[in-house]
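Novice: Protein chains in written order, with this note's numbering: chain A, 1 to 203; chain B, 204 to 404.
It is possible that some hints are incorrect.
[Unchecked claim] Taking CB as the label site, the calculated pair distances span:
| hint | chain 1 | residue 1 | chain 2 | residue 2 | range |
| --- | --- | --- | --- | --- | --- |
| 1 | A | Asn-84 | B | Gly-229 | 17 to 23 Å |
| 2 | A | Val-44 | B | Ala-206 | 24 to 30 Å |
| 3 | A | Lys-5 | B | Ala-307 | 32 to 38 Å |
| 4 | B | Pro-205 | A | Gly-144 | 51 to 57 Å |
| 5 | B | Lys-374 | A | Pro-46 | 28 to 34 Å |
| 6 | B | Lys-252 | A | Glu-152 | 26 to 32 Å |
| 7 | B | Gly-383 | A | Phe-177 | 36 to 42 Å |
| 8 | B | Lys-394 | A | Pro-175 | 45 to 51 Å |
| 9 | B | Lys-208 | A | Gly-169 | 37 to 43 Å |
| 10 | B | Gly-383 | A | Asn-84 | 32 to 38 Å |
| 11 | A | Ser-133 | B | Asp-300 | 27 to 33 Å |
| 12 | A | Glu-152 | B | Gly-229 | 42 to 48 Å |
| 13 | B | Lys-252 | A | Lys-200 | 38 to 44 Å |
| 14 | B | Asp-234 | A | Gly-13 | 22 to 28 Å |
Since the hints were made in silico from the structure, they are not lab data. The beta-carbon is built from N, C-alpha and C at its ideal position, and this holds for glycine as well.
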Amino acid sequence: MPAYKLMYFDTKGRAEVIRLAFAAAGQSFEDKRFPLSMEEWQAVKPTIPQKQLPCLQVDGRLIPQSGAIMRYVAREFGLYGDNNDENTRVDVIIGTAEDFLKNAFALRYEKDETKRAELKKDLEENKLPQFFSLLEDILKENNGGDSFFVGEKISLADIMIYDIPDQVGAAAKLPAFPPKLGGLIERVKNHPKIKEYLAKRGD
Amino acid sequence: MPAYKLMYFDTKGRAEVIRLAFVVAGQSFEDKRFPMEEWQTVKPTMPQKQLPCLQVDGRLIPQSGAIMRYVAREFGLYGDNNDENTRVDVIIGTAEDFLKSAIAIHYEKDETKKAELKKDLEENKLPQFFSLLEDILKENDDGDGFFVGKKISLADILIYDITDQVGATAKLPAFPPKLGGLIDRVKNYPKIKEYLAKRGK
């Protein structure tokens, strides 16, 4: 059994989907969190490939790039679908989420208060509803939207789509979930291992 | 044998890496290129109203990252195990990080800002990107083969394509030695060489 060490800052950010994937897999891992004060990270940074986090250490091997890490963990633990068609469906959802996240990040990094207010309004009135609507359509392609995004079991796609509204909802007002998407979010929150993880994690 | 139809605009952009992957795989595909007026009428019928989109026997796959991996997995261009798949994904992620800088220039309207971004790309971002690729390449067979395993993969194709496209609008720094060797190896890969001869620039 390999030893996993996930390294990131002490926040959800780009690591939380990976933490959730380990939780769903029932796989223990060292959850290394560099304090946001940054001194420890500055000392360690030169030793990390690409000098960025997250980084996953697996038995001494260092894997950078959140997209690579999340897929590595998903493949390892059966959270990436069971064939190329299903793998691709997961990838479509990852790509769709990444497209949306550009808007959320633009808001996060905008310093100008007026611009910030405009971006937030656009996110809440346009980008979020469009994203949720698209996810509703994608979800309905599988079992009428009454189970998971891909196949018959939870996958990285469900975990990622749970995580994004959870994080964005802390900074912007979410629109109501369309019906099937709302059901999927509940299903993920109540997945036994995830429910356990969320109870310990809190907000 | 499924029928593949790749839909995009009449340019390289985000489709070329997928075209190159089909070529390496020796797999024929319909290379549908939309002029803008035709795209406006077709757009509402596309999932996510974006291109590229790959049609496989009637199924429509959007998202360039999903399409390139789908084709790579189908034709043995994604590595042979999770470690190798992951190495391909690391390189895709690294390339995507770099492309944000290149794409920012493309969309910048202000001429002064554009010139600054181009200077930063040529003097900082490109050399840093090449240097990082050199390090990653040297992790495998000391950089004397391909990026992943013992054969060409999506990673090699993607890195060749980026240098080709960015080099059309910015001055590339010299390739570090192993990366230069890899780029030549991809250009001279028989099926790619044949495709590039027909494609021209």
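Novice: Each hint should be assessed against the structure and marked as holding or not.
Specialist: The hints, checked one at a time:
no. : hint                              : result
1   : A:Asn-84 - B:Gly-229: 17 to 23 Å  : 18 Å, holds
2   : A:Val-44 - B:Ala-206: 24 to 30 Å  : 51 Å, violated
3   : A:Lys-5 - B:Ala-307: 32 to 38 Å   : 34 Å, holds
4   : B:Pro-205 - A:Gly-144: 51 to 57 Å : 26 Å, violated
5   : B:Lys-374 - A:Pro-46: 28 to 34 Å  : 29 Å, holds
6   : B:Lys-252 - A:Glu-152: 26 to 32 Å : 29 Å, holds
7   : B:Gly-383 - A:Phe-177: 36 to 42 Å : 51 Å, violated
8   : B:Lys-394 - A:Pro-175: 45 to 51 Å : 48 Å, holds
9   : B:Lys-208 - A:Gly-169: 37 to 43 Å : 39 Å, holds
10  : B:Gly-383 - A:Asn-84: 32 to 38 Å  : 34 Å, holds
11  : A:Ser-133 - B:Asp-300: 27 to 33 Å : 29 Å, holds
12  : A:Glu-152 - B:Gly-229: 42 to 48 Å : 35 Å, violated
13  : B:Lys-252 - A:Lys-200: 38 to 44 Å : 41 Å, holds
14  : B:Asp-234 - A:Gly-13: 22 to 28 Å  : 39 Å, violated
Checked against the numbered hints above, the structure violates hints 2, 4, 7, 12 and 14; every other hint is satisfied.
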